[in-house]
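K.L.:
Next come the chains, spelled out residue by residue.
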Amino acid sequence: MLDLGPHAAFIWISYGAAAFCVLALAIWAWGDERGQAKRLADLERRGLKRRSGQGQDKS
Amino acid sequence: MNAFLALLTRDLTLALRQGSAIGTALGFYLIAVSIIPLGLGPDLALLSRIAPGILWISFLLSAVLSVDALFQEDRDDGSLDALAIGPLPSELIAASKSLAHWLTTCVPLIVVTPLAGLLLNMELNAVPKLLATLAVGTLGISFVAGAGAALTLGLRRGALLLPLLILPLFAPFLIFGVGALSGAAGAFSQSILLLGALSLFSVAAMPFAAALALRLSLE
Amino acid sequence: MADLTNTETIRPGWFSTLANPTTFMRLSGKVLPWLAVATLVLFAVGLTGAFLAPPDYQQGETVRIMFIHVPSAWLAMMSYTIIAISSAGYLIWRHPLADVSAKAAAPIGATFTLVALITGSLWGKPMWGAYWVWDARLTSVLILFFLYLGLIALRQAIDEPGRAGRAAAILALIGAVNIPIIKYSVNWWNTLHQPASVIRADGPTIHSSLLWPLLVMAIAFTLLFVVLHFKAMRAEILRRRCDALIARHVRGDAARAGTEEAANA
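Respectively, the protein sequence lines represent chains A, B and C.
Under the numbering used here, read the first sequence as residues 6 to 64, first letter to last.
Under the numbering used here, read the second sequence as residues 2 to 220, first letter to last.
Under the numbering used here, read the third sequence as residues 261 to 525, first letter to last.
In case anyone wonders, no lab produced these hints; they're calculated from the structure.
Hints are supplied without guarantee of correctness; some may be wrong.
As the list claims (entries may be wrong) - So these bits of chain B aren't anywhere near chain C, every CB distance computed over 12 Å: (1) Leu-9; (2) Leu-17; (3) Gly-20; (4) Glu-74; (5) Pro-88.
Unchecked claim - To be clear about the criterion: a stretch of chain C counts as covered by chain B if any three or more of its residues have a C-beta under 8 Å from a C-beta of chain B, and this derived list gives those stretches: (6) 398–407; (7) 427–436.
In this text, a Cβ means the ideal position worked out from N, Cα and C, and glycines have one as well.
Use the sequences and the hints to build the structure in full.
P.N.:
Given below as structure tokens:
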């Protein structure tokens, strides 16, 4: 283990807090994208088409 | 210009005739100023030292609380729609409303400030200086608050949201306003100039933001 | 959402082709894995450098907090700049991708501002003896954090996405104009009240063994921001597509019900 002197706790908590926040952001961004992609696929499977499929959408 | 003056006169007459908004703002201001010593203790030396800060902060809070209704009543009774299709550009509508807020809320608050200063054992020779900073600074504050009120117009939690949006923008006003009375050499003349520049900038720039927000909320 | 479906028909210049949501989805999908890998590599290099660097002669080991504090503060400002530029783009050209960019950047910027505040106060305790001192830089970052909160709160308070985007854009521009004024006033305030002896955190003399890990970390943080921003933008585009589909479906149902009613009458 590194010896970080008398203030090691401050350094580790800083890095821990930064890592926690970055991790939370990453989970939010990835999860949100995956969730919305799923929702879109679900809607399209149920017959709702995007603009390209206009005219043939019967649900 | 005539339409601008007509709108301003109308708002001033309405405010004077009703009077309740002015009264509420004054009441809030005096209560805020008197509740702070209850939290700090009756130490007169301390109170007189921090009096400018207390007065400025209470002033800002009173101004924020009273600005929420700036466009609301006109929107509710449809006169804002009528104004919007009238000859006056939205920028000038916003400017007239902000100026009316300054004249009907900030000016009465400035008038009772010496009394509030008395409550806080403020040094008498500092009172005119404080009044000068308030007179110069709060004009800009009314214009910033006007833009905020236009942005939150018609929102569900608008009254709660408004302070969150505009209090951070008041920081420079508060800093220069209280800094003028810090007693440091040259601080007064320097900060009152900065405060004046800031106020003029707000008067010139904020009506444009307020007009964009007004058009948005009237769509 | 109505805006988003419209873009495919208006103004087919080179910019709108590039900034078309569909093109954005395709391109960002291609570059994101590479960006993510580059970010991880840079973080590995930067963190190694950050912990191998010799302690600062004045601040000792606590100088290592700088390697995350300074890049976070940099991102806090950069992401507000991106929000301001996107907001201007949205207000002037009504380009929906600009709104997506502004909306996606706000929570990311707010989080890095929070990281800058947390690490700043943890750095301050050993240096100044208090978790929070009203230092000019910390105070400006705190006000910046409040501006972010206001931006997010205003967007959440308005249900209709197009209106929410424009209101948030107006507020973002008001904030962008005021940030230099706030920064200046806080500096002025600080010199007015400050006792003369405060250690400056970023004195001009940073030893070069500390400088290169700092630069690598700054680039790594910037790339991290780009990755997160792209991801959040993709999620937002997909969300708007879903909403547009549902809205169109509901409208279609209503229209069909209307014609049936008319036929029955």
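K.L.:
If a hint holds in the structure, say so; if it does not, say that too.
P.N.:
Status of each hint after checking the structure:
1. Annotated as non-interface, B:Leu-9 keeps its C-beta farther than 12 Å from every C-beta of chain C; the closest such distance is 24 Å.
2. Its beta-carbon lying about 31 Å from the closest one in chain C, B:Leu-17 satisfies the requirement of being farther than 12 Å from that chain.
3. The claim that B:Gly-20 lies off the interface holds: its Cβ sits roughly 31 Å from the closest Cβ of chain C, which is beyond the 12 Å cut-off.
4. At roughly 20 Å, the least C-beta separation between B:Glu-74 and chain C is larger than 12 Å, which holds for a residue marked as non-interface.
5. Against the 12 Å criterion, B:Pro-88 stays outside the reach of chain C, whose nearest CB is about 24 Å from its own CB.
6. Requiring three or more residues with a Cβ within less than 8 Å of a Cβ of chain B, the coverage given for the region 398–407 of chain C holds, as 3 such residues are present.
7. For the region 427–436 of chain C, the stated coverage by chain B is satisfied: 6 residues place a CB nearer than 8 Å to a CB of that chain, which reaches the threshold of 3.
Checked against the numbered hints above, the structure breaks none of them.
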